[in-house]
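I would like the entire structure built from these sequences, with the hints used as guidance.
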Amino acid sequence: MTPPSQLNASAVADRLAEIVGDRHVLSRQSELLVYNSDGLPGYRRQPRLAVFPGTRDEAIAVVRLLADEGLPFVPRGAGTGLSGGALADDIIVVGLHRLKEIISLDIDNRRATVESGVVNLRLNKYVAPYGLLYAPDPSSEAACTIGGNVAENAGGPHCLKYGVTLNHVLAMTVVLPSGEVVDLGSKSGEHDGYDLRGAFIGSEGCFGLALEITVKLTPRPQTVRTLLADFMSVDEAARVTSAIIASGIVPAALEFMDGPTIRVVESSIYAAGYPKDAEAILLIELDGLEAGVSADLEVVRQVCVEGGARNVKVARDDAERTKLWQGRKKAFGAMGRLAPHLIVQDAVIPRTRLSDILETIHAISEKYGVVVCNVFHAGDGNLHPNIAYSADDPDESERVHSAMVEIMRACIDAGGSITGEHGVGLDKIGYMEAIFSETSLNAMCALRSVFDPDRRANPGKVVPVHSCREWNAVASARGAASVREPMPLAAEPARPSARSRNLESDLWEDR
Amino acid sequence: MTRTEAVVTTVREGVAGRTPLRIAGRGNWLSAGRPVSAAKTLSLGDDSGVVSYVPGDLTLTVRAGSTLAEIERVTREHDQWLPLDPFGSDDGTIGATIATASAGPLATNFGLPRDLLLGLEFVNGLGEVVRGGGRVVKNVAGFDLSRLLTGSWGTLGVITEVTLRLYARPKVDRSFAVSLEGSEKSTTALLRTVAASQLAPFALELLNGAAARSLGLGDSAALLIRLGGNAPIVEVQLKALSQVARTEEVEQSTWTEFREIDRGAESVIRISTLPTRFLGTAASILADTQPRVVISINPRRGVMRLVTSGGGEQELMTTVDAGIPVSFPTDGQGAGTSVIFEKLPPEVWPVVSPSVVSDPLSRGIKNAYDPHNILNPGILGD
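Heads up: the protein sequence lines correspond to chains W and S, in order. The working numbering applies: residue 1 is where the first sequence begins, and numbers increase by one. The working numbering applies: residue 1 is where the second sequence begins, and numbers increase by one.
Bear in mind the hints are in silico, worked out from the structure with no lab data behind them. Backbone N, C-alpha and C fix where the C-beta goes; we use that ideal spot for every residue, glycine too. Some clues are possibly wrong.
[As the list claims (entries may be wrong)] Straight-line alpha carbon distances no greater than 30 Å define the calculated DSBU-like cross-link-like pairs of lysine-lysine that follow: (1) W:Lys216 - S:Lys40; (2) S:Lys239 - W:Lys161; (3) W:Lys125 - W:Lys216; (4) W:Lys100 - W:Lys161; (5) W:Lys313 - W:Lys367; (6) W:Lys313 - W:Lys323; (7) W:Lys161 - W:Lys367; (8) W:Lys216 - W:Lys323; (9) S:Lys185 - S:Lys239; (10) S:Lys40 - W:Lys161; (11) W:Lys161 - W:Lys216; (12) W:Lys125 - W:Lys313; (13) S:Lys343 - S:Lys40; (14) S:Lys171 - W:Lys216; (15) W:Lys276 - W:Lys313; (16) W:Lys323 - W:Lys276; (17) S:Lys185 - W:Lys313; (18) S:Lys239 - W:Lys216.
[Claimed, not checked] Non-contacting residues of chain S with respect to chain W, defined by C-beta distances greater than 10 Å in every case (computed): (19) Gly27; (20) Gly264; (21) Ser284; (22) Pro291; (23) Asp359; (24) Ala368; (25) Asn373; (26) Leu380.
So, in C-alpha cells, the structure goes:
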C-alpha cells in the first residue's frame with residue numbers, strides 16, 4: 001500500500017479525470033472541505049482527493065486504478081452516516097452518488113434492481129404507484145443512498161416489523177477493492193454456499209463497493225394507524241413499551257420521545273402538536289389488514305391507558321399522521337436550537353431494561369450537568385441518547401464526553417450492543433473491544449482480509465487494527481511504516497474534534 | 001471445563017493430528033450434503049439447554065445442541081414460539097438448523113434462519129472461540145459473522161450457541177387444504193387470484209398428488225395454507241379464500257407430516273426462482289403424474305422442492321425432469337434461479353454439483369477460518 005505521504009496527488013487526479021472527466025475529480029482543499037465529515041459533525045478528516053464515477057464501468061475503472069497504484073480509499077454514498085465511517089484521512093474518497101439509475105422494476109415479483117447511488121425516497125416514490133414500498137426507512141431517507149444502506153445495514157423506525165437492510169437485499173454486484181467484479185446472493189432469494197451477500201451487508205465500505213443492488217419490495221399495507229400516547233413520567237412510557245412488545249403485537253413502529261425532546265420539537269418549525277407538558281410520548285404505528293389492525297389498536301390503546309397514559313390519540317387522516325411523524329423525524333434538526341453541536345449514540349438494550357436504563361441515563365446526565373434528549377426506536381430497544389452542547393467550550397465538551405462513555409458502559413453492561421443501525425465507523429471503534437473478544441475481532445479481520453487483502457478499503461474503521469493478528473504479521477513483514485494506525489485506539493472512543501458545524505439543517509433528521 | 005471448551009479441545013486435537021471431524025447435532029441429517037470423510041464425529045447433541053431467556057425481550061439464547069422440540073417446549077410456557085420449522089423433525093437441533101440454513105413452510109411469513117438469528121458463538125477450525133452479533137434484536141456492531149456461519153454447514157466453525165428472535169404465539173392458528181382437482185386452467189386461475197390477493201398466510205404450499213396422498217389429503221394436487229394472527233385477521237382471510245376455493249380445515253399436525261416428507265428420501269432438490277415463474281407452470285408441474293416424485297411448491301417464496309426415494313441416478317433424472325418447466329439457466333449466485341441440492345446419492349454429487357464454495361471469496365474464507373480443513377471437509381465441495 002502506498003503511504004499517503006508518497007501519493008502524487010496531482011498525477012493520480014489526472015488519471016482519475018481521464019476516467020470520469022475533470023469535473024468529477026476534486027483536489028483543491030477548499031472543494032474537499034464538504035467531504036471532511038459525514039452526518040456526525042464532531043469528526044473531521046480532510047481527504048486528499050475525491051472522485052465521483054458516473055457509471056458502473058467508470059466506478060470499476062476507478063477502483064482498478066486505485067488497486068494498480070496500491071492506493072487506499074473510502075467509499076461514500078450521500079454522507080449522511082452517523083459513525084464517522086465515510087471519513088477519509090488524507091486519502092481518496094470514491095463517491096457513488098452519481099450512480100443513480102433504477103435499472104429494473106419487477107412489479108409482480110416485487111423486486112427492484114438499482115444502482116448504488118439511488119436515494120431511498122426516490123425508489124419509494126418510483127414504486128409507490130404500484131402499491132409497493134422499500135421497507136428500510138432511515139430517517140435520512142430523503143438523502144441517503146441504497147448503497148450506503150447496504151454498507152451500514154441501515155434500519156429506521158419501521159424495521160421493528162419489517163427488518164433491516166440485510167432482510168431486504170437479495171443480490172448485489174460488487175467491485176472488490178482489487179477491482180474484481182463479483183455477484184453476491186441470488187435474485188431468486190435463496191442459494192447455497194456461503195452467505196457472501198450477508199457478510200457484505202454492513203461491512204461499512206471495508207469489503208468493496210456495491211454497484212448494483214437487487215432489493216425486495218413490500219406491498220403497501222391495506223391500513224395504517226398511528227397513535228400518540230403521552231405520559232407524565234418517562235418510566236411509565238418505558239414500561240408501556242415493554243408491555244406492548246411483551247403482548248406479542250408487532251407494531252410497524254414504536255418510537256419514544258422524552259420531555260426535553262418534545263419541548264424542543266414543539267418550539268421549532270417542526271412542531272407536531274405533541275403535548276408540551278408531557279414527560280414522554282410514544283408514537284405507535286400499526287399496519288396490515290384492516291380487520292387485524294383494528295383489533296390490535298384496541299389492545300395497544302388499552303395497554304397505554306392501563307400503563308398510565310394521559311391521552312391516547314389516533315391520527316384521523318394522512319395529514320395528521322404525517323405531522324405526527326414529522327416531529328419525530330425532524331427531532332434532531334430541531335435540537336440545533338439548543339446548542340451548536342450534537343452528539344448521538346446508537347446503543348441497543350434488551351427491551352425489558354428500558355425503564356432502568358433510562359433512569360441510569362438520567363442520573364448520568366445530572367452527574368455531569370448535561371441535558372440528554374432521548375428520542376429513539378423504543379420497540380427495538382435502540383436508544384439514541386443525544387446531547388446538544390458547545391464543542392467550543394472545553395469544560396462542557398469534557399463533561400459531555402464523560403457522560404456518553406458512561407451511558408455506553410451502562411448499555412453494554414445491560415447486555416446490549418454498541419450500535420443498532422448507525423455502524424461502528426470511527427465513532428465506536430474504541431468500544432469494539434468491550435463487546436468482542438480478541439479472537440472474535442480477529443475473525444472479523446480475517447474476513448475483511450479475504451475481501452480486501454491489502455486493507456485499502458476504508459482503512460482504520462470498524463475493527464481496531466491492533467487487534468488483527470494476521471495484519472500485524474503482514475505489517476511486521478512489510479516494515480511497520482506501511483501500516484498506519486489511523487487514530488489513537490485506547491480503550492476510550494475517539495473524541496469528537498471541537499471543529500463542528502451547526503446542525504439545524506434538513507439533513508439533520510434523526511436517522 | 002465449559003462445554004464450549006470441550007469443543008475447543010476436540011477441534012484442537014483434530015488440528016494437531018490433522019484428523020478431520022464430522023460435525024453433527026443429533027445425527028439426524030448426516031445423509032444430507034456431499035460425503036464427508038472424517039475419522040471422528042464431533043457431536044453436539046448433548047450440548048443443549050437454555051443459556052438465557054427473558055420472555056419480555058422475545059429473545060432466546062440456547063446451546064446449539066438444543067432440539068427444536070425443546071425450544072418449542074420452553075417458549076410455549078410463555079406463549080411464545082420460534083417460527084422456524086425446517087424439513088425433518090423437531091428432534092433436530094437448532095445448531096444444525098442454522099448451520100444448514102434449513103427452513104420450512106413458516107419461512108413464507110417469518111423468513112429464513114438468517115432472518116431469525118441474532119447472534120452466535122462458534123469454534124473455528126483453529127480451535128478459537130468466536131462470537132458474532134449479540135443478544136439484542138438490532139445490531140450492526142462488527143462484520144456479520146452470524147450470516148456468514150448460517151448455511152456454512154459446519155465448514156467454518158462448530159456452532160456452540162445461538163441467540164434467536166422469538167414471536168408471541170398467534171391467538172389463532174388454523175390450517176386449511178384446498179383440493180386442486182379441477183383442470184390445469186382452473187388451478188392456474190386460482191393461483192393467480194391467491195397471488196394477487198391481500199392474503200398474508202403464515203405458510204402456503206402447493207402439493208402434487210404424491211405429496212397430498214402421503215399426507216392423507218386425497219389423490220389430487222392440493223393447496224395447503226396456514227392462517228394465523230388475531231381472530232379478525234384470520235377470519236377475514238379465510239372468508240376471502242373461501243370465496244374462490246372450497247376449503248377444508250386440517251389438523252396442524254399436517255404440517256409436521258409435511259415436514260417429514262423427505263424421510264428415507266434418496267434425493268432432495270430445491271429450486272429457488274422468481275415467484276411468478278410458478279404462476280403459469282405450477283398447475284402442470286403438479287398435475288404431472290410422477291408417482292415417485294413428491295413435489296411441493298411455495299409460490300410466495302418461489303421455491304419448489306423435489307423429493308425422490310429409492311432411485312439413484314435414474315430417479316434423479318426423473319425428478320429434475322419434473323422441474324424442467326421452471327429450470328431456467330443458472331449461473332451461480334446472482335442469477336435468477338438457483339438449483340440447490342440438499343441430498344443426493346453419494347455417486348451423483350460429483351456429477352451434478354461438485355462444489356458450491358469453489359469461488360475465490362469462499363475459498364479464502366474457508367482458508368481463514370479452517371486452514372487445516374478439519375471441519376466437515378468436502379460437505380460443500382472443495
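So, going through the hints one by one against the coordinates:
1. W:Lys216 - S:Lys40: violated, 42 Å
2. S:Lys239 - W:Lys161: Holds, at roughly 25 Å.
3. W:Lys125 - W:Lys216: holds, 15 Å
4. W:Lys100 - W:Lys161: Cα-Cα ~28 Å, so holds.
5. W:Lys313 - W:Lys367: Cα-Cα ~36 Å, so violated.
6. W:Lys313 - W:Lys323: The hint holds at about 13 Å.
7. W:Lys161 - W:Lys367: Violated, because 36 Å separates the two Cα atoms, which is more than 30 Å.
8. W:Lys216 - W:Lys323: Status holds; Cα separation ~28 Å.
9. S:Lys185 - S:Lys239: This hinted pair holds, its Cα atoms lying about 23 Å apart.
10. S:Lys40 - W:Lys161: Roughly 44 Å between the alpha carbons, so the hint for S:Lys40 and W:Lys161 is violated.
11. W:Lys161 - W:Lys216: holds, 15 Å
12. W:Lys125 - W:Lys313: The given pair, whose Cα atoms are some 29 Å apart, holds under the 30 Å limit.
13. S:Lys343 - S:Lys40: holds, 22 Å
14. S:Lys171 - W:Lys216: holds, 29 Å
15. W:Lys276 - W:Lys313: holds, 15 Å
16. W:Lys323 - W:Lys276: Roughly 16 Å separates the two Cα atoms, so the pair holds.
17. S:Lys185 - W:Lys313: violated, 50 Å
18. S:Lys239 - W:Lys216: holds, 28 Å
19. Gly27: With a cut-off of 10 Å, S:Gly27 remains clear of chain W, as the shortest Cβ separation is near 22 Å.
20. Gly264: Nearest chain W Cβ is 23 Å from S:Gly264, so the label holds.
21. Ser284: Its Cβ never comes within 10 Å of chain W, the nearest being 19 Å, so this holds.
22. Pro291: holds, 28 Å
23. Asp359: violated, 8 Å
24. Ala368: violated, 4 Å
25. Asn373: Holds, since 15 Å exceeds 10 Å.
26. Leu380: Its Cβ does come within 10 Å of chain W, the nearest being 7 Å, so this is violated.
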